[in-house]
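Protein chains in written order, with this note's numbering: chain A, 110 to 196; chain B, 5 to 576.
By construction, these hints were calculated from the structure, which means they are not laboratory data. This one's a predicted model, so the numbers in the text were calculated from it and none came from an experiment. The C-beta atom is built at its ideal place from N, Cα and C for all residues, glycine as well. Where hints are given, some of them may not hold.
[What the hints assert, rightly or not] Facing chain B, a subset of chain A residues (Cβ under 8 Å, in silico): (1) E127; (2) D131; (3) Q134; (4) A141; (5) G145; (6) G146; (7) D149; (8) F151; (9) V154; (10) F159; (11) N162; (12) P175; (13) E176.
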Amino acid sequence: MENTEDIRAAVLKYVKAEYLEDDDQEIDCDTALISGGIVDSFSMVSLKRFLENRYKIQIPDDKATPEAFDSVNKITSLVETFVAGKV
Amino acid sequence: MKTKIEPNIGSYDERVKGSPWALAEEELGYKPGGDINIGWYCTDRICDMGKAGKTAFIWEGMGGVEKRYTFNDLRLASNTIADFLVGLGIKKEERVCLFLDRIPELYLGFLGVLKTGSMAQPLFSAFGDESLLVRLENAQTTAIITQRKHVGKVRKLREKLPCLKHIIVVDDDGKKPLQEREVAFSLASAKPVEDFKCAATKAESPSVLHYTSGTTGQPKGAHHVHYSLISQYLTTKWVLDLREDDIYWCTADPGWVTGTSYGIIGPWCLGVTSCVLDVGFTAESWYQFIQKHHITVWYSAPTAIRALMKTGDEAVKKHDLSSLRHLASVGEPLNSEAVVWSERVYGLPFHDSYWQTETGSIMISNYPGMKIRPGSMGKPFPGIKATLLDMQTFEPFTETGKVGLIAVEPGWPAMLRGYWNNEDAYKKKFRNGWYLTGDRSTIDLDGYYWFVGRDDDIINTAGHLVSPFEVESALLEHPAVAESAVVSKPDEINMEVVKAFVTVKPGFVGNDDLTLEIMNFIRKKLSPLAMPQEIEYTPLLPKTRSGKIMRRVLKAREWGQEIGDISTLEND
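Please work from the sequences and hints to get the whole structure.
In structure tokens, the structure reads:
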């Protein structure tokens with residue numbers, strides 16, 4: 110099972126590869142993704158799908174909120190909750 | 005409940021009897037045959053009226069970064085951009101694309117383009133390569149104004165765009181060299197141009213080119229003219245009820261027509277302060293924005309309203325939203341629950357309004373001061389002659405409860421004047437002397453319209469139209485896709501979302517990984533809006549005996565409707 114750092118690194122890598130248009134744009138694990146306009150509400154669906162595929166989890170729509178997806182750190186916490194079967 | 009103030013429209017029934025367009029011309033000081041330039045009306049004229057120092061534009065970006073512009077600032081900035089464009093050799097009526105996020109240069113640049121007499125072609129900055137290419141190709145765009153983060157997309161396409169002579173980068177930092185045809189322009193460092201001779205455009209001079217999706221074929225560019233100002237001015241005044249001391253917020257992106265007609269032209273031609281929030285949607289950021297800037301009039305979209313509903317009442321209670329006095333909505337039908345909810349939590353109902361890219365201004369609406377029927381689109385705007393047409397004969401009828409095609413008598417000021425380089429598609433929009441909206445509705449005894457649905461396969465997702473044809477064509481470019489059919493699927497927040505049915509080529513397996521790959525492929529090629537939110541793999545697609553995919557069979561299944569006549573189905 111991946112630890113917190115592994116999840117964080119994987120999510121950050123995916124976000125950089127898939128959603129950043131500007132090669133020069135720097136983001137870190139606290140960068141605002143949704144409110145910062147990097148990932149829009151439609152694209153959030155593909156990000157959710159990535160997390161579900163990779164971690165073999167199901168994130169219900171009521172947990173997949175813009176707030177919960179607003180940074181790599183928040184996404185990591187959300188994923189850990191489901192991976193650990195806490196929900 | 006809020007204190008009631010007399011709405012600008014006064015009595016709807018009285019306004020319907022009058023001559024609204026003549027009234028708007030008079031109020032704007034426009035005389036038929038004279039000059040009319042939207043850029044001038046939104047800036048110089050307001051300054052001439054003694055409001056040069058009034059705040060016109062409050063822009064807020066990430067981290068609460070704020071910029072404020074007076075009407076004189078708008079005038080100078082649009083002059084400066086216009087002067088720069090003319091210096092590049094941009095000529096009247098040439099298309100200048102604005103491919104920008106919601107940064108100030110988008111709003112100021114739009115006015116600057118109009119002042120030169122060239123045509124503003126705003127495009128949604130989240131468009132992917134293919135979406136951008138077909139729109140620039142069709143328009144034979146001469147120049148594109150963009151920013152560093154999007155210039156990579158333009159570079160990929162420029163060899164396919166021989167007409168594109170100038171790529172103007174508004175935030176070049178000099179760190180990387182600009183390439184062929186690229187030029188930097190910084191509003192912050194450019195010398196403000198005090199006097200710019202605005203192009204002497206006339207009523208029928210081209211102004212704005214907005215693209216919309218068609219059920220077949222490529223996107224169509226709705227060609228508007230400067231005379232559209234007349235409709236946009238009066239609808240802003242009477243439907244949005246804007247007045248001198250309002251602080252107005254239109255949440256639409258100017259990549260779409262609401263963002264230009266009512267995010268730029270409407271408020272500024274009335275000399276009203278307009279706000280823009282350039283951050284992604286969260287309930288907290290929106291409510292905070294309303295509270296901070298004391299927004300009084302809020303024009304938003306059903307998708308956003310439903311998302312706010314989902315967030316719940318507690319988020320509302322945490323903020324002081326008491327400045328709000330009038331709410332309106334556009335994009336797709338506003339469900340009655342949302343109207344009732346907004347009245348309960350904000351003390352104000354959202355007033356639904358109905359119009360299209362092609363109409364350029366509001367056609368049917370609920371009006372301030374008039375009783376709202378939750379779930380209804382409202383009544384035709386004074387000066388707009390709307391009707392329902394029989395679906396077979398295209399003859400008008402007035403029977404209540406019967407579903408018909410919403411049609412409008414041509415001739416209102418903001419009506420499109422054509423589809424760019426697509427005369428055939430334009431002609432098909434008219435039958436028996438009526439403009440066909442492509443939407444179906446019923447009408448009640450009191451003349452309120454009630455939306456039923458589209459009359460074609462176009463998907464309305466979050467108020468934006470997506471062509472199934474465009475998505476299917478893009479899907480076929482993915483190496484795993486053999487065939488596809490794209491339909492709408494009901495969605496609680498967005499009304500509809502894109503769903504794709506896909507048959508895969510030999511050697512490929514339709515699984516979760518392929519789904520994600522295809523979703524991202526479409527998102528980057530077309531746009532996030534066009535990305536299928538669901539992909540279903542199927543060994544066969546329903547087809548007619550002549551081989552045409554029967555989308556309606558798949559759509560009916562998604563919507564739980566009767567499939568209807570399937571006598572022509574091949575593989576039943």
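For each hint, the structure was consulted:
1. E127: Result: holds, 6 Å to nearest chain B Cβ.
2. D131: holds (4 Å)
3. Q134: Because about 7 Å separates Q134 (chain A) from the closest Cβ in chain B, which is inside the 8 Å limit, the hint holds.
4. A141: holds (7 Å)
5. G145: Holds, because the Cβ-Cβ distance from G145 (chain A) to chain B comes to roughly 5 Å (cut-off 8 Å).
6. G146: holds (5 Å)
7. D149: holds (5 Å)
8. F151: Interface hint status for F151 (chain A): holds (4 Å vs cutoff 8 Å).
9. V154: Nearest chain B Cβ about 5 Å off; hint holds.
10. F159: Given a least distance of 6 Å, the restraint on F159 (chain A) holds.
11. N162: Holds, because the Cβ-Cβ distance from N162 (chain A) to chain B comes to roughly 5 Å (cut-off 8 Å).
12. P175: holds (5 Å)
13. E176: holds (6 Å)
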